[in-house]
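Asker: Protein sequence lines, in the order shown, are assigned to chains A and B.
Numbered continuously in our numbering, the first sequence closes out at residue 446.
Numbered continuously in our numbering, the second sequence closes out at residue 249.
Warning: the hint list may mix true and false statements.
Stated by the list, open to error - Computed cross-link-like contacts, DSS-like style, restricted to lysine-lysine with a CA-CA straight-line distance of at most 30 angstroms: (1) A:384 <-> B:138; (2) A:384 <-> B:18; (3) A:49 <-> A:360.
Said to hold, decoys possible - Pulled a few chain A residues facing chain B out of the computed Cβ check, cut under 8 angstroms: (4) 383; (5) 384; (6) 385; (7) 388; (8) 392; (9) 393; (10) 394; (11) 395; (12) 398; (13) 402; (14) 405; (15) 406; (16) 408; (17) 409; (18) 410.
Hints in this document: simulated from the structure, not taken from any laboratory.
Cβ coordinates follow ideal geometry from the N, Cα and C atoms, glycine included.
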Amino acid sequence: MMISPQELKQQITAANQQKTGLEWLSVAEKANTVFAQASIPTRKTEEWKYSPLTPLLTQDFFSVQSQSGKLEKSAAETVYGEIQNAHRIVFVNGLFSQELSDCSDLENQGVLTLFSNCNDEQRSLVNEHLGTVCKLEQHVFAAANYSAMQDGVLIHAAANTKLEQPIHLVFLSSEQSTPSHAQTNLLVVAETGAELQLIEQYDSLGQQVQLFHNHNAELVLKPNSRLLHLRMQVEDEALCHVNGLHIQLAQDSHYEQHSINLGSQLKRNDIHVNFNGNNAYCRLNGVFLSKHKQHIDNHLNLEHAVPHCNSDTVYKGFITDQSRAVFNGRIHIHKHAQKTEAHLNNKNLLLSNKAELDTKPELEIYADDVKCSHGASIGQLDEKSLFYFQSRGIDRATAEAMLCLGFVNEMVELFPNQQVQSVITERLARFFNDVDKLKSLWSLES
Amino acid sequence: MSEPMLVVKDLVAEVDGKTILNGISLTVNPGEVHAIMGPNGSGKSTLANVLSGRDGYQVVSGEVIYKGQNLMELEPEERAREGIFLAFQYPVEIPGVSNMQFLKASVDAVRAHRGDEELDSPAFMKLAREKCKSLNLKPEFLKRGVNEGFSGGEKKRNEILQMALLEPSLALLDETDSGLDIDALQVAAEGVNALRNEQRSFIVVTHYQRLLNYIVPDYVHVLAGGKIVKSGGRELALELEEKGYSWIQ
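Looking at chain A on its own, in the form it has when it is part of the complex (with noise of 0.2 angstroms):
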């Protein structure tokens, strides 16, 4: 059965009247308010025209709480323990795990801390910044996020240090006998001349994992500040996932982004950055990927409202059998942001027939003296790289496979972390998971 948009509203709001323990959350009642305003988002809405809300219009994830359940540590190891020499933070279908994480020594610096046990100073730091960068009134998901969410991570990197190990932020989600919801948060606070790098991995344990995620995270960058963000949505198909996330940069500020997206039965990615300062930096590389019946949206908003600062945002994306991708990435040069260099490009491979892409590269500049391209493609394997490899003994079923891993491992290989890298392999490897064969090559080392 389907429901409407408003009986879905109906059920979100019913869901967000649980307590949360959160009250102090000054963001949570302008949230409520602008929730309670909003509409859920039709095909007739712009910015949602690709991608329909069925799955959360006929199946009921949002009369359930989702619940950490029972999981062995070895087996929940297995998805995350490749990454070493991390700070580890662990939650499960939504929900912290103390059992599983590893970050005791930044809790007692106070880098790291859970919204639930912020103390007075981080509370009102909590406060200052939450709902700041992230525009409510222009996403219902965050809206109802923070109106409602379960609990949130807080990093606070102190003015001038650098963290030297990375911090691994594990959203774990597992086998559910039932649909059910999880709302968490995220809030990076990088003050002046702090440096870090954070890497979060959306991974499943288990097939079926009947899960709506709405995650919404804001970092702030003050100046001088860097951040290395490595992310990876792996999880399994069956799970819906809708991720805000929010950037703002301060002058000289730098921030790196890597991705990879593998598609699911919904999965909505926005991502938002405004310049601030002069002279802020952001890159963001991305690659997704989509099979089956899999659905994968990804939003991208780069707002250059100040002089002299930079981006580069490179997506790729691999489409094939009866899946659906929808790449939307906008540059928005305000008019006093002269010497601007910002360039977009989204490369595509489609590969079947029944297979759609929606792209769209938008560039908007008022300004007079920048420097901006953007452009996006949409093709098939190449034939001359075919013929290649079949002229070296290569079947062509093996061949295209080697060009399809090819195509998206030029963007895994941008990741600045072997052992990351690896994680994703063994991920891409099971994507593509016909091709056995290819994981040994894929593993040479040199």
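Following the hints, position chain B against chain A.
Answerer: Below, chain B without anything else, positioned relative to chain A:
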């Protein structure tokens, strides 16, 4: 007398309805090196492409017998596994697939077909590094994407490297000299010469005589208008260089 490696009989081939090869006949015995020379557009590269099985070439008539079997019935990868190797004039770049991965997949496929045991990764890497060294290629070369950002010389040496690893019976070199300076040419030629033996045959397609100073052929054929218009020994190439292609037309 041993069986010929390759017999081409009255081969006529078209591209997009246009006749490019117009009755080629050629017999190559094991261990022989044949040079195919000719002006631009004479059909030299087409011959190499038809033999390797590239799409887009229509064989209208004639036959090609390789080691006693009809070559035209085989898929390109089957030809490669049976021992035919084409060194490309313009090797493609394949970013994201490392040279090592590509070479391993290729050697695995060919060895499996021959019934040889698969080389494990360490053994393969050792072999590949040795071959690299002999071709004056740094080991890092194996880690890079296939031909990605390679110089012209590196691309051609990579072709020779593949040939050395695959140990073909019949190697087709399509203008291996184009885009190479003298030093690179010598290295490539040495790589080829190191592979010459009594069983292995070569067809060397070239526009210039220069390459044949380094890879000395047993026979030289001149192609013009899709036909072999003159055949001879090594000296024919020198004569051509002196007199130009207009001499034979």
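Asker: So, for every hint listed, does it hold in this structure?
Answerer: Hints, one by one, checked against the model:
For the suggested pair residue 384 of chain A and residue 138 of chain B, the alpha carbons sit about 27 angstroms apart, so the restraint of at most 30 angstroms is met. Between residue 384 of chain A and residue 18 of chain B the CA atoms are separated by roughly 21 angstroms; this keeps the pair inside 30 angstroms, and the hint holds. A hinted pair counts as satisfied when its Cα atoms are at most 30 angstroms apart, and residue 49 of chain A with residue 360 of chain A qualifies at roughly 12 angstroms. Annotation: residue 383 of chain A was flagged as interfacial toward chain B, and the flag holds, the nearest CB pair being 7 angstroms apart, inside 8 angstroms.
Taking 8 angstroms as the C-beta contact cut-off toward chain B, the hint placing residue 384 of chain A at the interface holds, the least distance being around 5 angstroms. At about 5 angstroms, the closest approach between the beta carbon of residue 385 of chain A and any beta carbon in chain B falls short of 8 angstroms, and the interface hint on this residue holds. The interface hint given for residue 388 of chain A is met, as the beta carbon of that residue sits about 5 angstroms from the closest beta carbon of chain B, less than 8 angstroms. Interface hint status for residue 392 of chain A: upheld, as the beta-carbon distance to the closest one in chain B is roughly 4 angstroms, under 8 angstroms.
Against a cut-off of 8 angstroms between C-beta atoms, the interface hint on residue 393 of chain A holds, since the closest Cβ of chain B lies about 4 angstroms away. Residue-level restraint check for residue 394 of chain A holds (minimum Cβ-Cβ distance to chain B is 5 angstroms; threshold 8 angstroms). A cut of 8 angstroms between beta carbons decides the hint on residue 395 of chain A: the least distance to chain B is about 5 angstroms, and the hint holds. Restraint check, residue 398 of chain A versus chain B: the minimum CB separation of about 7 angstroms is within 8 angstroms; hint holds.
The restraint placing residue 402 of chain A at the interface with chain B holds, with a minimum CB-CB distance near 6 angstroms, inside the 8 angstroms limit. Below 8 angstroms, beta-carbon pairs count as interface contacts, and residue 405 of chain A has one with chain B at about 7 angstroms; its hint therefore holds. Hint status for residue 406 of chain A: holds, given a least beta-carbon distance of 3 angstroms to chain B, under 8 angstroms. A cut of 8 angstroms between beta carbons decides the hint on residue 408 of chain A: the least distance to chain B is about 7 angstroms, and the hint holds.
Satisfaction of the interface hint for residue 409 of chain A is found here, the shortest Cβ-Cβ separation to chain B being roughly 4 angstroms, below the 8 angstroms cut-off. For the restraint placing residue 410 of chain A at the interface with chain B, the shortest Cβ-Cβ distance is roughly 4 angstroms, inside the 8 angstroms limit, so the hint holds.
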